[in-house]
Amino acid sequence: MEISVKTKENITILELDGRLDTTNYNEIEKKFDELIGNNQINILVDCEKLDYISSSGLRVLLKSLKSINSAKGKFILCSLQENINEVFEISGFTSIFQIFKNQEDAIENF
Amino acid sequence: MTQNNQQVKITLPNDLTYLPLILDGIKKMAEIMGFKKNDILKIEIGAEEAISNVIKHAFEPDEKSTFDVILNNLSLGLKIIIKEKGIPFDPSLIHEFKPDELKEDLSGKGLGVFLIKQFIDEVSFHNLGKEGRETHLFKHLKNKTINQLVNKAELDVLENEKQENVLPKGSVSYDVRRMNPEEAVDVSKGAYSSYGYTYVLEHIYYPDRVRQMNKDNTLISFVCVTGEKEIIGHCALEIEETDPLVPQLGVAFTKPKYRGQGCLNRLAASCMDYALNLNLFGIYARGVTTHPYSQKSLLRFEIFDCAIYISSGAIREYKDIEGTAQRESVVIHFKYLNPTPAFKIYPPEHHKDIIEKIYNNIKYKPIFELPPADLKFNQNDSVIDIQTDQLNMVAKIYIEQFGENILSEISKNLKELCFARMETIYLYLKLNNNLTSLLTSEFEKMGFFFSGVMPRSGQNDVLILQYLNNYTIDYDKIKIASEFGNDLLNYIRERDVNQNV
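Chains A and B are the protein sequences, given in the same order.
Quick note on numbering that gives the first Met the number 0: the first sequence kicks off at 0 and runs consecutively.
Quick note on numbering that gives the first Met the number 0: the second sequence kicks off at 0 and runs consecutively.
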């Protein structure tokens, strides 16, 4: 999986490309820990190019949401592919994450 | 499309580095078999969760070992078997993930197992004792059900067939023969017309599956066909993995307007002749108890009662019959076709009389033996096989070998199955094993109670016990056709621990 990071005003945008699974979840976990450690607590995760996610990836997102909520920041997701959205819906993630169609809509909600 | 029943076996190190390798193989197998993109993703997620669980939990932290993944290209879908000989793992310790409780608990514990159950059609765990453990995942090829194949107007016609006037008795001439492949659609339509979507064997609503299963001879369909080539009745033998020599007689229906033409009698006779010619051991059938009609048909063929499964199926609506609003119970009927000579069985002393009556009822006389004074457990671990049916929320535990740890194994698995919200759990104990006589009362202390006896080929007859997971059945609503069946029901009722709560 490739992770590209950019910032827009006080929002950190992570664009994920590829798969988020048992073999690589710790890469993004480290990245989230690093950002939260640096008090970058307004995070937007763009999933447009994320084409696979398993429970390890989902748990990292949950853990990060928990940390950011505690730090009074915002953690938003956008551009989920249909398959990924189905995994989110089945797991109940759509009820606890703010999810938007695209980056523009997501940024407006920070 | 490939030929069916082909197998690929891969042995992998217990190292997550190799996970992408096997997942690529699984994806490729699913593609070869014709699975659609969305289903391939679900198979991949289910497989990743199951395989990574094995790598993470079935071995000591620094242990270098291997395990097998076996991919079976079967006619109805893909079966993945993960086989390992790692450290015993207690599935009951897995936290149950509940999406609606996510707001209160953000840990995501149990999410992996949850995804497996959501994305894989059938999941089962098998403890093979010294041989290790197997996790089985099965994903059906998505065929179209009959209501996806025909339009709404045609479905309405099928629905309304129930109201059509019944033709005068004996006024229709027809042949009875094996189903031709092109008639599978008509068989699915007929099943829909007769049962709605209530028939237990879900495959019957998928014409492609009916065709394929008949080709494989795992379903042996007979049909009644008129001179105008109309399929007016159907009945089949379902060959099951648990005992291929004892098929189930079922999927019987006659189009409503042709009732009274003797279709079912001729169909059942054809099925039984076929089974006799194959030299099969016996035949069994399930008679629902919402009404006594199917039981009465079976009794006419001398297929007699041998067990009653209490609460064995989801609540079903019968359009023509007032709803009972409780889970369906079924009477198990059995008929010997080619019985073996009498063999020794070791029934528990306190059920000996009823077991003797059951065997009398099904016209067989085994040799009733008392167990020896010094009963010994098998030196090896217990071997048990667990099958779950998510549609009806029923689990079946087969004890293949009694090891010293059998009571703790059953107790642990019972706890796990209750935790997984299984409504009813059936326990099968081999009657030719003298430990059955000793241990039945121990299982009854756990809450299991008597169900009956099921003859099996190879002298492997089983005593069946059942466990209701906090479900109280109204026995007065269970309709039994035979006098013996009513005696058996009363015997069971008196022993159902849930009746006295």
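Keep in mind the hints are simulated off the structure, nothing from the lab.
There's no promise every hint is true.
Here are the simulated lysine-lysine pairs, DSSO-like style, with alpha carbons at most 27 Å apart [what the hints assert, rightly or not]:
{"#": "1", "chain 1": "A", "residue 1": "Lys65", "chain 2": "B", "residue 2": "Lys116"}
{"#": "2", "chain 1": "B", "residue 1": "Lys295", "chain 2": "B", "residue 2": "Lys375"}
{"#": "3", "chain 1": "A", "residue 1": "Lys29", "chain 2": "A", "residue 2": "Lys5"}
{"#": "4", "chain 1": "A", "residue 1": "Lys62", "chain 2": "B", "residue 2": "Lys141"}
{"#": "5", "chain 1": "B", "residue 1": "Lys102", "chain 2": "A", "residue 2": "Lys100"}
{"#": "6", "chain 1": "B", "residue 1": "Lys141", "chain 2": "B", "residue 2": "Lys35"}
{"#": "7", "chain 1": "B", "residue 1": "Lys343", "chain 2": "A", "residue 2": "Lys100"}
{"#": "8", "chain 1": "B", "residue 1": "Lys84", "chain 2": "B", "residue 2": "Lys63"}
{"#": "9", "chain 1": "B", "residue 1": "Lys55", "chain 2": "B", "residue 2": "Lys129"}
{"#": "10", "chain 1": "B", "residue 1": "Lys102", "chain 2": "A", "residue 2": "Lys29"}
{"#": "11", "chain 1": "B", "residue 1": "Lys129", "chain 2": "A", "residue 2": "Lys100"}
{"#": "12", "chain 1": "B", "residue 1": "Lys97", "chain 2": "B", "residue 2": "Lys84"}
{"#": "13", "chain 1": "B", "residue 1": "Lys351", "chain 2": "A", "residue 2": "Lys30"}
{"#": "14", "chain 1": "A", "residue 1": "Lys62", "chain 2": "B", "residue 2": "Lys116"}
{"#": "15", "chain 1": "B", "residue 1": "Lys97", "chain 2": "A", "residue 2": "Lys62"}
{"#": "16", "chain 1": "A", "residue 1": "Lys48", "chain 2": "B", "residue 2": "Lys35"}
{"#": "17", "chain 1": "A", "residue 1": "Lys30", "chain 2": "B", "residue 2": "Lys55"}
{"#": "18", "chain 1": "B", "residue 1": "Lys108", "chain 2": "A", "residue 2": "Lys65"}
#### Entry: Numbers of the earlier hints that this structure fails to satisfy, in rising order
2, 4, 7, 11, 12, 13
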